[in-house]
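Protein chains in written order, with our numbering: chain A, 1 to 324; chain B, 1001 to 1255.
Accuracy of the hints is not assured; some may be wrong.
Stated by the list, open to error - Here are the simulated EDC-like pairs of lysine to aspartate or glutamate, each with C-alpha atoms no more than 16 Å apart in a straight line:
(1) A:LYS75 to A:ASP91
(2) A:LYS183 to A:ASP265
(3) A:LYS245 to A:ASP171
(4) A:LYS112 to B:GLU1104
(5) B:LYS1222 to A:GLU276
(6) A:LYS225 to A:GLU259
(7) A:LYS215 to A:ASP199
(8) B:LYS1222 to A:GLU302
(9) A:LYS183 to A:GLU31
(10) B:LYS1222 to A:ASP229
(11) A:LYS245 to A:GLU220
(12) B:LYS1091 to B:GLU1104
To be clear, the hints were calculated from the coordinates, so they are not data collected in a lab.
Take a look at the letters that make up each chain.
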Amino acid sequence: MKREAITVRNLCYAYPDGTIALEDVNMAVYEGERVAIVGPNGAGKTTFLLHLNGILRGCDGQVEVFGKSVGEVKKEEIIKDVGIVFQDPDDQLFMPTIFDDLAFGPINLGLKEEEVRERVKKALLTLGLSSYENRCPHHLSYGEKKKASLAAVMSMEPRILVLDEPTANLDPRSRAELIGIIKELNEREGITIIIATHDVNAIPELVDRVYVLNKRVIAEGTSHKIFSDVEVLRENNLEVPEVFKLFEVLRCFGYNCEELPLSIDEAVEHLTRTVEINGGHLHLHIHEHTHEAVRKLKSKYEHHLSNLRMKEEGAQTNGTKRSG
Amino acid sequence: MIEYPEIDRYASLDSPMHRFDPRAKIIAFLFLIFSIVIIPELKIVIIGLFFAIFLLILSRIPLSFVLGHLKWVALFVLSLYVMLAFTFPGKEIAKFYFLSITAEGLYTGSLITLRAFSAVILIFPMIGTMRFDTMIKALDKLKVPNILVQMLMFTYRYIFVFMDEFQRIGTAMRSRGFKLRTTLYALRTIGKAMGMLFVRSYERAERVYRAMHSRGYTGNPKTLVEFEIRRRDYILAVSIIGFAVSLHIISFFLP
Ligand SMILES: Nc1ncnc2c1ncn2[C@@H]1O[C@H](COP(=O)(O)OP(=O)(O)O)[C@@H](O)[C@H]1O
Ligand SMILES: [Mg+2]
């Protein structure tokens, strides 16, 4: 068993205005792992991430980073290990130029000038930003800013990389690029990755394990386990990847599979296997239950809408009652 | 598009002023500006003004750009000129009804106006010939108090973000039919929008602080710069300062 990179025990947090954001959160992330934290808006994901390097300190709960308890050791100890990439790159890039921003962390770590320059160069190279060194953040596109904020954290060479909604608001190309970079950092350099995200289509290829957070940890497991748990999904307003839905539809048409694929890669593998077993064909047909099954399936995934509809109907009946 | 306040738009040109070491440039120009604004002799101020224009031309910053900015200064300074001309006590040379123009008023007005123009013109070859962030770093190297340097740094970084934010609020209001008029309703709405901007700024400040904290901010961020002062810079700085001093020497010996 690998050792624990992050251990969170009984963490709770309430904002000064009384909003309870976290209640009794427990979590363990192992070294070299990629973990996603999913949950609806306002579930406390950002709040949770802010605890990982001690920016926020919850009530008697505990956060440990490689066995060191946040709050008990020096701040720099933790910051060196845990790099957080915040959601809005305009918050993250606060220095006048990209170079200054990338140098900010290493300088604060007390590194020598040569080493700072070395690290900046390396981080720029990793993210393909070498020609951006002297640019000002406000002249960059959103995608470039996002990459630059990741670079600004990477220059500190953290062992744990924490990202808040890294793929939000990105165009498809920047999104794919960023996902690739994150995976590479994990695979090549063994950096532990923790991602808070809404982007369900990115989860299967990006992470090994998923935590569903909604003030408390609602569920934990592999992507397959989480996306098969209709109850949890419904109650937390979560979606499933489109590929997964498609294969559920195929199943109604007689496609035979136990574990449904969640990503394109898995789908290719799955189809290849099925076709090979069936002697070079894929057999689909419409049987007596197909239409019924498809209808059920659709209503299963329209839970967002059906919730809304129920509320509306509720409001209407109330209205008529009052007027009647 | 909104117009960003870009004093350093022409920082990437090449000229003797652009090549001037930022620290030496700031010191030399500040010295010159302060000497010109305290010259008591109109004639000498005119020499100073010509020197300022000379340095401006040397910097190759387009005149149209400078004039565009000078417009606003002119509006302010000229109104001051008119006021002084009419109110300064002294020998009366013309009279409009009960208002009179005095020679002393004209003299003082011209003196102040030309001093102001010289100073503002000098700002361009000084600040406009380097990137703003370079200037901030130069100030830091010149041991300007760190808190001031940080304030400049964050202002420079976030003024654009706030302007974008303000524009977004404005667009959202206009796209829902809001028109800027001088009715109470319009003013109240603008007030609310400003309040909104403040709240957002406050929240952003909090988030930025968190990001800084996450990267080990300890109160005085340092930056790495490669400034190299050469003989040429010394010569240029000494010439400019020498010129400033000689202006005062001349005005001292003037009858
Ligand atoms: N600075 C704050 N003050 C008070 N309440 C806050 C603050 N920031 C967030 N909250 C509240 O805490 C809850 C969790 O927010 P957040 O962690 O941002 O959720 P998420 O990132 O999952 O969308 C929300 O109900 C939010 O309104
Ligand atoms: Mg969030």
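Quiz prompt | Restraint check for LYS1091 of chain B with GLU1104 of chain B, where alpha carbons must lie at most 16 Å apart | solution = 7 Å, holds
Self-check item: Proposed proximity, ASP171 of chain A with LYS245 of chain A (alpha carbon, max 16 Å)
Solution: Violated, at roughly 23 Å.
Practice problem: Given the hint that LYS112 of chain A pairs with GLU1104 of chain B, test it: the Cα-Cα distance must not exceed 16 Å. | Solution: 62 Å, violated
Quiz item: Does ASP91 of chain A lie within 16 Å of LYS75 of chain A when you go C-alpha to C-alpha?
Solution: 21 Å, violated
Quiz item: Can the restraint linking LYS183 of chain A and ASP265 of chain A be considered satisfied, given a maximum Cα separation of 16 Å?
Solution: The hint holds at about 15 Å.
Quiz item: Can the restraint linking LYS1222 of chain B and GLU302 of chain A be considered satisfied, given a maximum Cα separation of 16 Å?
Solution: Cα-Cα ~53 Å, so violated.
Quiz item: Do the alpha carbons of LYS1222 of chain B and GLU276 of chain A lie within 16 Å of each other, as the hint requires?
Solution: This hinted pair is violated, its Cα atoms lying about 63 Å apart.
Quiz item: Keeping to a limit of 16 Å between CA atoms, is the pair of LYS245 of chain A and GLU220 of chain A held or broken?
Solution: 21 Å, violated
Self-check item: Straight-line alpha-carbon gap LYS183 of chain A to GLU31 of chain A, limit 16 Å
Solution: This hinted pair holds, its Cα atoms lying about 15 Å apart.
Quiz prompt | Holds or violated: LYS215 of chain A to ASP199 of chain A, with C-alpha atoms at most 16 Å apart | solution = 19 Å, violated
Practice problem: Could you grab the alpha-carbon distance between LYS1222 of chain B and ASP229 of chain A and see if it respects the 16 Å cut-off? | Solution: 51 Å, violated
Exercise. Take a quick look at whether LYS225 of chain A and GLU259 of chain A sit within 16 Å of each other, Cα to Cα.
Key: 10 Å, holds
Checked against the numbered hints listed earlier, the structure breaks hints 1, 3, 4, 5, 7, 8, 10, 11; every other hint is satisfied.
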